[in-house]
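Dock chain B against chain A, hints included.
Listed here are the chains, written in short residue letters.
2 protein chains.
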Amino acid sequence: MTHRLIQAARRQPVDRAPVWIMRQAGRYLPEFRAIRANMDFLSRCKTPEIAAELTLQPISRIGVDAAIIFSDILIPVEPMGQKLTFTDSKGPVLPEPIRTLAQVEALRVPSADETVPFLGEAIKIVKRELAGKLPVIGFCGAPWTIAAYMIEGTGSRNYAWIKRMMYNEPQAFALLMDKLTETLIDYLRHQITAGADIVQIFESWGGALSRKDYLHYELPYVKRIIAGIQDMGVPVVLYMNGGGHVLEELADSGADVLGVDWKVDLKDAFDRVGDRVALQGNMDPCLLYASPERIAAEVKAMVQAVGDRPGHIFNLGHGILPDMDPDHAKAFVDAVKTYSVKQYA
Amino acid sequence: MTHRLIQAARRQPVDRAPVWIMRQAGRYLPEFRAIRANMDFLSRCKTPEIAAELTLQPISRIGVDAAIIFSDILIPVEPMGQKLTFTDSKGPVLPEPIRTLAQVEALRVPSADETVPFLGEAIKIVKRELAGKLPVIGFCGAPWTIAAYMIEGTGSRNYAWIKRMMYNEPQAFALLMDKLTETLIDYLRHQITAGADIVQIFESWGGALSRKDYLHYELPYVKRIIAGIQDMGVPVVLYMNGGGHVLEELADSGADVLGVDWKVDLKDAFDRVGDRVALQGNMDPCLLYASPERIAAEVKAMVQAVGDRPGHIFNLGHGILPDMDPDHAKAFVDAVKTYSVKQYA
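Protein sequence lines correspond, in order, to chains A and B. Reminder that position 157 of the first sequence reads as 157 in my numbering, one-by-one numbering, no gaps. Reminder that position 295 of the second sequence reads as 295 in my numbering, one-by-one numbering, no gaps.
The following block holds chain A by itself, in its conformation from the complex (with noise of 0.2 Å):
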């Protein structure tokens, strides 16, 4: 059987459009709270059993049609060679940035199989369990965002840091994106080989670029992961955060699917892609916090904006929120299903 998820991602006739949620193995759930008490972030994404766990816990109680392995973006970088630490209060902190040509010339292209077995043996686990009857979705951060993190050592603002390396040490940056891009297709070659039916390619900060930088820096390295895992046949999404003055770019990447931020007016943009790739997003993350009543209106006035075109799957713009409710997790999941309509191929 093949999943709505996978047809609207190759726009496919589909019944209905499928939608997921972005973070949605998250804090907002109290199941996952409960987990989470007792074992640090990097010890959950570590164990093959609980990692699966947590992928599974938002199937039955939110709706969702596909499960995101839990992981995070950061997992390639400790076999890189990166110190990596997650704090609850400031998220990922790499004690060591990685500044001179030194340091990068030091960081290891490791193997997947040999150095995050638990990665696959965690999808694998999820598809035992799922037993064929949803999609797995496998991931892993774009390679300017994660050499953003190595760079800078945590979160940013300006990407100050990252942005000096790029324009002062053109030989540094080149040779880390080199390194990141190889480790990122053997990284996603080893989830899709564990069963992962679709990947997606988180870019959460390249939208800190201008477009002629974005083009420069990172867009071909993007290029090369998604020719990286074609052979292997699943469908690629290359989600940005802020990329809609790269809108045009990206749909020629090579990827199926577009996933887009709430800035992104969703008729615009599959005017501006046309039939080159399917799209996914994209409600403000924020609109959860209105009432269930408000999310089924938005959730419609977003299906009569797209209309039956094919390729549209919903999601939010941007991860769930960690305070959310998760019944208005529910709401929007419940609205897409209540109101979306065939899509034509």
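By construction, these hints were calculated from the structure, which means they are not laboratory data. As the structure is a prediction and not an experimental result, all values here were calculated from the model. Incorrect hints may have been included.
For identical chains, the list gives no copy identity; a pair is met inside one copy or between any two copies.
No farther apart than 20 Å at their CA atoms in a straight line, the calculated lysine-lysine pairs in the PhoX-like style are these [as the list claims (entries may be wrong)]: (1) Lys-300 <-> Lys-212; (2) Lys-212 <-> Lys-342; (3) Lys-179 <-> Lys-83; (4) Lys-223 <-> Lys-267.
Here is chain B on its own, set in the frame of chain A:
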């Protein structure tokens, strides 16, 4: 004499593009930090002689074509009745954030002449010192941007509290926006009366809104502010961070100039707004970390992209960063003077 900045703002012919830098009176200047060491941020804003001195510091040092009055977009908040503090590490903190209708009802619509006379005084000193050689820029924050600070209590990543109020307490939100709008009209009129030759509205955070929400929850108030000062005859710059998705609508706001961030392609933007407005911007502030040669090359490329179209004011796409080398700011300004060309009407 009509200044280059004012002519370009009106899309009139100029011998070359005018240039200034957002936050040009700021921490990146050693002479600014010298004064800063002795006085807290708000006291500097409220002491006309100090504010005037800080305003004038970048004029000879950097060679910009305008002076922007040293102040802060949150200055109107105290007269409205909300406590405001500034910390060196966290920036503005409003310890009693506005969350309820009762709190909004308790806010005043203050007279600027009565509550912020220091601002007009500072403008008068600057005008006297400049003796007509350069124009003076007055400014305010856009209402949603100020409301975000008032409701969140500090800078925010997700704007969860203000969006909650927008969606769930529409009466409280609308009353706050009404009061801010009236306050800001009077606040800008005070600055223009004191001698401001042009004013800029800083929409720092409105880019967190979807187009639909921006048009519903913010743009009508921005338009009212612009209409409320139109009789005073000075051009209005509307700067928006992350506003690429609403550029056409901003062009119809009544503003004379749109300030755009570096994620907007300047040539595209000119095509999108046509002859309705001038454009101000928009080099990535982080490009000033690059070498003076690279900075000059980027300026030259921007000039070539824009050509001799009327109505381009050079600036960065956001404020200059506090750790920037002042010589690199000067390299930017020098490059504009070297490479920019005559603009024809």
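Subject >> Ascending list of hint numbers which this structure does not respect >> reply: Violated: hints 2 and 4.
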